[in-house]
Amino acid sequence: MRSVTELIETLTGATVASIAVELAFCPGCPTAEATREIFFREDFSARLGAMVAPFVVTAALVGLVLSRLGRRRGAQTKGGSSAAR
Amino acid sequence: MQHGDKLAIGGGILLGVGLGGFVDGILFHQLLQWHQMISSVLPPVTLVTAKVNMLWDGVFHVFAWVMTVAGLFTLARAADAPREVAVMRSLPASLAIGWGAFNVVEGLIDHQLLGVHHVHPGAHQEAWDAGFVAFGAALVFIGVVALERRAAPVLRPATA
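Here the protein sequences come in this chain order: F and B. Quick note: the first sequence uses this note's numbering, first residue 1, plus one each step. Quick note: the second sequence uses this note's numbering, first residue 1, plus one each step.
Keep in mind the hints are simulated off the structure, nothing from the lab. Any given hint could be a false lead.
[Said to hold, decoys possible] Not close to chain F: a few residues of chain B, all C-beta gaps over 12 angstroms, as computed:
#1 G18
#2 I26
#3 Q33
#4 W34
#5 A50
#6 H61
#7 M67
#8 L72
#9 G122
#10 H124
#11 A130
#12 R149
[Claimed, not checked] Taking CB as the label site, the calculated pair distances span:
#13 V59/B <-> S3/F: 24 to 32 angstroms
#14 F44/F <-> I26/B: 19 to 27 angstroms
#15 E6/F <-> E148/B: 21 to 29 angstroms
[What the hints assert, rightly or not] Derived, one-sided and incomplete: chain B residues facing chain F with beta-carbon distance under 10 angstroms:
#16 K6
#17 T49
#18 K51
#19 V59
#20 F63
#21 I97
#22 G98
#23 F102
#24 V105
#25 L113
#26 L114
#27 V116
#28 A123
In this text the structure is predicted, and so the values were computed from the model without any measurement. Every residue, glycine too, gets a C-beta built ideally from N, C-alpha and C.
Using the sequences provided together with the hints, build the complete structure.
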């Protein structure tokens, strides 16, 4: 468990280092630095997870349902229709 | 079920997920401004906190865009693959399933489980959150029923 946490922290650090280039976010904006600081330092991993999770879970569900649908159909029509468009 | 049918339905669902994400982001985050991505844990009450929320909204839109593009490419592949049902017969239902499924999953994870934002914060926010999930579930139900009716050869084999 500890190693997983360390891995996440390392990956987060690498992500921050690769993205948080000084000039990447509106260098002339007076609030840019404070925004960047909060965005990358405050619960970055957890918030990114909250962002990604709904998309990943939905896509996984879609894949699961479609694979089961295909299997069910395949079992019901073994050697069935081969109509093509 | 032909390979092309699975691609058509899967592509439509992915497109629905992406477009559903855009509806959420454009309608609730930008036009109505009911909430932003992490507005319940970091309320956008100053310029800086509003910009942080805006950044997270941008990340959300990136993933919505990726799902949309993935859906488009999957549908394009379906167009050239052997199918039993025309893409347009399954597309509206697939879109509804994708949009609804995303609402249900996003509502359960972000609103209920993590609480990073709520649909309409304040009085009756639980009812708004529940309504959001119920709307998504209704879309999935309508989509599945429509898919069974319009794409019957795929879901209900003639030999069954």
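Here is what the structure says about each hint:
The Cβ of G18/B sits about 9 angstroms from the closest Cβ of chain F, inside the 12 angstroms cut-off, so the non-interface label is violated. Interface exclusion of I26/B from chain F stands, the closest Cβ pair being 16 angstroms apart, more than 12 angstroms. Non-interface call for Q33/B relative to chain F: holds, since the shortest CB-CB distance, roughly 19 angstroms, exceeds 12 angstroms. Every C-beta of chain F lies more than 12 angstroms from that of W34/B, the closest at about 18 angstroms, which supports listing it as non-interface.
Listed as outside the interface, A50/B is inconsistent with that label: its C-beta sits roughly 9 angstroms from the nearest C-beta of chain F, within the 12 angstroms cut-off. At roughly 10 angstroms, the least C-beta separation between H61/B and chain F is not larger than 12 angstroms, which violates its mark as non-interface. For M67/B, the requirement that its beta carbon stay farther than 12 angstroms from each beta carbon of chain F is not met, with the minimum near 6 angstroms. Once the 12 angstroms rule is applied to beta carbons, L72/B is consistent with being away from chain F; the minimum gap is 15 angstroms.
The beta carbon of G122/B is kept farther than 12 angstroms from every beta carbon of chain F, the shortest such distance being approximately 21 angstroms. Non-interface status of H124/B relative to chain F is upheld: no Cβ of that chain comes within 12 angstroms, the nearest being about 23 angstroms off. Annotated as non-interface, A130/B keeps its C-beta farther than 12 angstroms from every C-beta of chain F; the closest such distance is 17 angstroms. Annotated as non-interface, R149/B keeps its C-beta farther than 12 angstroms from every C-beta of chain F; the closest such distance is 16 angstroms.
At about 27 angstroms, the beta-carbon gap between V59/B and S3/F stays in the expected band of 24 to 32 angstroms. Distance hint check: the CB atoms of F44/F and I26/B are about 25 angstroms apart, consistent with the given range 19 to 27 angstroms. Taking the beta carbon of each, E6/F and E148/B are about 49 angstroms apart, not inside 21 to 29 angstroms as hinted. About 5 angstroms separates the beta-carbon of K6/B from the nearest beta-carbon of chain F, less than 10 angstroms, and the hint is met.
Given hint, T49/B at the interface with chain F, holds; its Cβ is 7 angstroms from that chain's nearest Cβ, closer than 10 angstroms. Interface hint at K51/B: satisfied, since its Cβ lies 4 angstroms from the closest Cβ of chain F, which is below the 10 angstroms cut-off. Because the beta carbon of V59/B sits about 5 angstroms from the nearest beta carbon in chain F, less than 10 angstroms, this interface hint is met. Satisfaction of the interface hint for F63/B is found here, the shortest Cβ-Cβ separation to chain F being roughly 5 angstroms, below the 10 angstroms cut-off.
Here the hint on I97/B is kept, as its CB sits about 8 angstroms from the closest CB of chain F, short of 10 angstroms. For G98/B, the interface hint holds, the least distance from its beta-carbon to any beta-carbon of chain F being 7 angstroms, beneath 10 angstroms. About 5 angstroms separates the beta-carbon of F102/B from the nearest beta-carbon of chain F, less than 10 angstroms, and the hint is met. The interface hint given for V105/B is met, as the beta carbon of that residue sits about 5 angstroms from the closest beta carbon of chain F, less than 10 angstroms.
A least Cβ separation of about 9 angstroms between L113/B and chain F falls short of the 10 angstroms threshold, and the interface hint therefore holds. Interface restraint check for L114/B: the shortest CB-CB distance to chain F comes to about 5 angstroms, inside 10 angstroms, so the restraint holds. The beta carbon of V116/B comes within 5 angstroms of a beta carbon in chain F, closer than 10 angstroms, and the hint placing it at the interface holds. Given hint, A123/B at the interface with chain F, is violated; its Cβ is 24 angstroms from that chain's nearest Cβ, farther than 10 angstroms.
Consistency with the previously given hints fails for numbers 1, 5, 6, 7, 15, 28, ordered from lowest to highest.
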